[in-house]
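A.B. asks: If you're matching them up, the sequences are chains S and L in order.
The numbering of the first sequence is numbering that gives the first Met the number 0, which starts it at 0 and goes up by one.
The numbering of the second sequence is numbering that gives the first Met the number 0, which starts it at 0 and goes up by one.
Read the hints as simulated data drawn from the structure, not as lab findings.
Source: prediction; values computed, not measured.
The reader is advised that the hints may include incorrect statements.
[Unchecked claim] The calculated lysine to any residue pairs, modelled on SDA-like cross-linking and capped at a C-alpha distance of 20 Å, are:
| hint | chain 1 | residue 1 | chain 2 | residue 2 |
| --- | --- | --- | --- | --- |
| 1 | L | Lys-334 | S | Leu-126 |
| 2 | S | Lys-23 | L | Lys-3 |
| 3 | S | Lys-26 | L | Lys-3 |
| 4 | L | Lys-3 | L | Lys-46 |
| 5 | L | Lys-46 | S | Leu-113 |
| 6 | L | Lys-334 | S | Lys-23 |
| 7 | L | Lys-46 | S | Leu-127 |
| 8 | L | Lys-51 | S | Asp-59 |
[Unchecked claim] Where chain L lies over chain S, by a calculated footprint (3+ residues, C-beta under 8 Å):
| hint | region |
| --- | --- |
| 9 | 24 to 31 |
| 10 | 101 to 108 |
| 11 | 126 to 133 |
[Unchecked claim] Distance windows between CB atoms, simulated:
| hint | chain 1 | residue 1 | chain 2 | residue 2 | range |
| --- | --- | --- | --- | --- | --- |
| 12 | L | Gly-376 | S | Lys-12 | 53 to 61 Å |
| 13 | L | Ile-47 | S | Lys-12 | 33 to 41 Å |
| 14 | S | Leu-62 | L | Ala-193 | 57 to 65 Å |
Where a beta carbon is used, it is the ideal one built from N, C-alpha and C, also for glycine.
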Amino acid sequence: MAKQDIIKEIKEKLGKKIVKWEEKPPKRYYITIARDDILEAANFVFKKQKARFITESGVDTPLSIEILYHFSFDGLSKIVTLKVLLPKDGCEVESIASLIPGASWIEREVAELLGVKFLNHPDPRRLLLAEDWPEGEFPLRQKIRENQ
Amino acid sequence: MNRKTIIPIGPYHPLQEEPEFFELEVEGEKVIDINVHIGYNHRSIEKIAESKTFDQMVFLVERICGICSTSHPIANCNAVEDLAGIEIPERAKYIRSIVGELERIHSHLLWAGLAGHFIGYNTLWMWIWKYREPILEIFEAITGNRNHYAMMIPGGVRRDIKEEDIPFLLKGMDEAERKIEMVTKAALDDPVLAARLKGIGVLSREDAINYCALGPVARASGVAIDVRKDDPYAAYDLVDWQVITREEGDVFAKTVVRLLECFESIKIIRQCLEKLRTVKGEIAVKVKEIPPGEGIGRHEAPRGEVFHYVRSDGSNRPVRLKVRAPTYENLPTCKATVPGESIADAAIILAGIDPCYCCTERIVTINKRTGQRELNGQDLLRLSRKKTEKICKNMGRRNV
C-alpha cells in the first residue's frame, strides 16, 4: 500500500468524527476523536488497515484525562495515535481489549493508575498495585505528589 | 463441585530472577489454563520521571532494566529528539548502533544460557555464559561499565570510540563470531535440545498479531517486524543487515532467531566500526530548550520494541513519560502457548519469551562465620576500577 493511502483512508473513514488533526509528517499523526467513536476507529485501524497496536498512554491534563491509542504501521515508519479526551468527572470509555487482546493489560494499568473506567473490559482486575492500595487513589493523577 | 488443581510458580521461585506469579491450572500433567500476576516490582518510574529534567530522565530510564540497559535510553532520546526536532550527528548514530547491537549479543547469549539451565542442561548454560563474558569486557572497554553504560543523551552520545580502539574491537568481534558460531551449530544440532524445544509452546501467527507480540517472539512466528527496519533510527538504515524470521512459532524457532540475530549484530557492529574510521566530527549536538509538544521514540531492544512517549509543556521537565517494555506485550502470549502443554514444559515456554529481569549485581562475598559481607560498596568500586585498568592495559592504552 502506498504511503499516503493509509493516512488518506483514515481521513476518509473517520470524516466528520475527527475533532482535531495534528501531524508531524512523515512519521507521526495525532488524531483526536470523540470517545464514543473509539471502538469503531480502533477496529478500522487494527483489523482493516492491519496496524499493530503499540500501547495506550493516559495523560492527566488540567482540563481532562487524555487516553492515547498508539498504532504502528510497520514498514511505513508511521505511528498513528488516536486520542480521546475524557472529562474528569465520569472518566469512562469503551474498552478495546475484546477487540485487541494485547490491550487488556494496559487498560487494567490505566484503570488503576489514572482512575479511568473501561466499559465492558473482559478482565477488569488490578494489575500492578497491591491488594491493600486504597480505593479511589490514583497515583498518576497530577495532584498526587511524589512523596505521598 | 468444581475442583481445580492450581500449581503456583512464584512470586519467588528458583526459576525466576524477578518476582512474578504464574498460576497453572492443571489436569494431571496437562496445563489447562494459566493466570499471570505482576506488580511485585512496580517502581513508579513514570511518576518519578515527572520530577526529573530531560537530561536526568535518560539516567532514570536506564535503571528500568539491567540487561537491556541501553534500550530505554535510546528510545527515550529518540522520543525527546522527535519532540524537539533534533537531528543527531552521523558519528553519534554509528556509536548508538554499536552499543545497541553489543547489548543484543550479550542479552541473546544470556537468554540462550538460561534456556539451557531451565531445561536442566547446565553444560550449555556455563558454556554460553563463558562466551558472553568477553562481550561485557568490550562494553567495559568502550563505555567504562559492564551494564548501565550511560552512553546516551538527547542530541547524541556521551563518549566517543577512539580510533586506536577499533582494531581491538574488530578482533573482539571476530573472536565472538567464531565462538557463537560454534555454540550455534552445536546447539541447533543437539538432539536433546531438539527433543525438548521443537513443537513446544507454539504461538500461531494470528495469536502473535492479536496479542501484539514483539521482537524475537513475533519473528519466530513469521511476523517480520523490527523497528530497526520499519522505522529506522541511529545508523540502522546506513548499514546492510537482514531481519531473521522463522515460521514455526515454537521455542526452538525462538532460539534459532535469537542465535542467528547475534551474527547480524556482529555484521552491523563491523560496518559501524569501519565507518567510524572515516566519519569524523561531533558526537552530540547541544540541546538548549525542549519546546512544548509530544514525541514518540522506539528502539528494537533484544526482547522487542521499547516504546517511549514524552510530553513537554515547555519547561525543563516532562509532563508525562509513558514507557512500554516488550515483555508487557509478550508475557500475555502465554495464554495462547501454555494451555495444552505439560507442566514440565511450562517453564521453558514461559522462559521462551525472554522475560526481562535485572542481573547487575556483580559479586557479594559473605563470611560464613560472621555472616557479614566481606566487600562493601567502596571495595567493589575499587575492584571494578582495577579491572577496567587491567583491560585498558591489555588494550595498550592508559585510560578509558
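A.B. asks: If a hint holds in the structure, say so; if it doesn't, say that too.
C.D. replies: Right, here's what the structure says about each hint:
1. For the hint linking L/Lys-334 to S/Leu-126, the alpha-carbon distance of about 16 Å falls within 20 Å, and the restraint holds.
2. Between S/Lys-23 and L/Lys-3 the CA atoms are separated by roughly 53 Å; this puts the pair beyond 20 Å, and the hint is violated.
3. Distance hint between S/Lys-26 and L/Lys-3 is unfulfilled; the C-alpha atoms sit about 50 Å from each other, more than 20 Å.
4. With a C-alpha separation of about 39 Å, the suggested pairing of L/Lys-3 with L/Lys-46 is violated against the 20 Å cut-off.
5. Between the alpha carbons of L/Lys-46 and S/Leu-113 the distance comes to roughly 11 Å, so the proposed pair stays at or under 20 Å and holds.
6. With a CA separation close to 37 Å, the supplied pair L/Lys-334 and S/Lys-23 exceeds the 20 Å bound.
7. Taking the CA atoms of L/Lys-46 and S/Leu-127, the gap is near 14 Å; set against the 20 Å cutoff, the hint holds.
8. At roughly 17 Å between alpha-carbon atoms, L/Lys-51 and S/Asp-59 fall within 20 Å of each other, so this suggested pair holds.
9. Coverage of the region 24 to 31 of chain S by chain L holds. Counting CB-CB distances below 8 Å, 3 residues qualify, and the rule asks for three or more.
10. Three residues within the 8 Å Cβ limit are the bar, and the region 101 to 108 of chain S against chain L gives 5, so the coverage statement holds.
11. Under a criterion of three residues with beta carbons nearer than 8 Å to beta carbons of chain L, the stated coverage of the region 126 to 133 of chain S is upheld, 4 such residues being counted.
12. For L/Gly-376 and S/Lys-12, the Cβ-Cβ distance of about 59 Å falls inside the hinted range of 53 to 61 Å, so the restraint holds.
13. A beta carbon spacing of about 39 Å between L/Ile-47 and S/Lys-12 agrees with the range 33 to 41 Å that was offered as a hint.
14. A C-beta distance of roughly 59 Å is found between S/Leu-62 and L/Ala-193, which places it inside the suggested range of 57 to 65 Å.
When each numbered hint is compared with the structure, violations occur for hints 2, 3, 4, 6.
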